[in-house]
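Novice: Sequence:
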Amino acid sequence: MSTWLPHDQFFSERRSLEQPLLVEPGESAPLEVEVTFTGEPGVAVVNAFLIMQVEYGNQSWRMFVRLLPMMQPDGTPSVTCEAITVQPIGFSAAPHPG
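Residue 1 is where the sequence shown starts when you use the working numbering, and the numbers rise one by one after that.
Be aware that a few hints might be false.
[Said to hold, decoys possible] Each pair of labels, with its calculated beta carbon distance range:
| # | residue 1 | residue 2 | range |
| --- | --- | --- | --- |
| 1 | T76 | Y56 | 30 to 36 Å |
| 2 | L68 | E18 | 26 to 32 Å |
| 3 | Q72 | S16 | 28 to 34 Å |
| 4 | T85 | R14 | 16 to 22 Å |
| 5 | P20 | Q72 | 19 to 25 Å |
| 6 | E24 | G75 | 35 to 41 Å |
| 7 | P73 | R14 | 30 to 36 Å |
| 8 | D8 | G42 | 14 to 20 Å |
| 9 | N58 | V35 | 29 to 35 Å |
| 10 | Q19 | V46 | 28 to 34 Å |
Derived by calculation from the structure, the hints in this document are not laboratory data. In this text, a Cβ means the ideal position worked out from N, Cα and C, and glycines have one as well.
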């Protein structure tokens, strides 16, 4: 499993987890990622994503977690999860019928 945040104002290098997380359907698990956040107080950073590459079954998947980070006036960050989408890796290269 690997994670990265590619936004220039809410950024983390791609890194592999030393111990993979095992999360069963309907469960949750904590995930800590060190992020460089250069947002201005009171201004939301749009189009920030946490991207995770995971394994499920015998297939690799990419999860896109759309985030809305904002620096509060007192300097503490807050992050809202706006959406989560999942795609199998390589799906766009698969042959199309017809």
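Novice: Confirm or reject the claim that T76 and Y56 have a C-beta distance inside 30 to 36 Å.
Specialist: holds (34 Å)
Novice: Against the range 16 to 22 Å, how does the distance between the Cβ atoms of T85 and R14 compare: consistent or not?
Specialist: holds (19 Å)
Novice: Taking the CB of Q72 and the CB of S16, does the distance hold inside 28 to 34 Å?
Specialist: For S16 against Q72, whose Cβ atoms are near 31 Å apart, the range 28 to 34 Å holds.
Novice: How does the Cβ-Cβ distance of D8 and G42 compare with 14 to 20 Å: does it lie in that range?
Specialist: Check passed, 19 Å falls within 14 to 20 Å.
Novice: Is the distance from the Cβ of L68 to the Cβ of E18 consistent with 26 to 32 Å?
Specialist: holds (29 Å)
Novice: Does the hinted range 28 to 34 Å hold for Q19 and V46 at CB?
Specialist: holds (33 Å)
Novice: Just to be sure I understand the hint, the distance between the Cβ atoms of N58 and V35 should be within 29 to 35 Å; is that true here?
Specialist: holds (31 Å)
Novice: Tell me if the beta carbons of P73 and R14 are separated by a distance inside 30 to 36 Å.
Specialist: holds (32 Å)
Novice: With 35 to 41 Å as the target window, see if E24 and G75 comply at their CB atoms.
Specialist: Holds: the Cβ-Cβ distance is about 37 Å, inside 35 to 41 Å.
Novice: Taking the Cβ atom of P20 and the Cβ atom of Q72, is their distance within the range 19 to 25 Å?
Specialist: The hint (19 to 25 Å, Cβ to Cβ) is violated, given that P20 and Q72 are roughly 33 Å apart.
In summary, the one numbered hint that this structure violates is 5.
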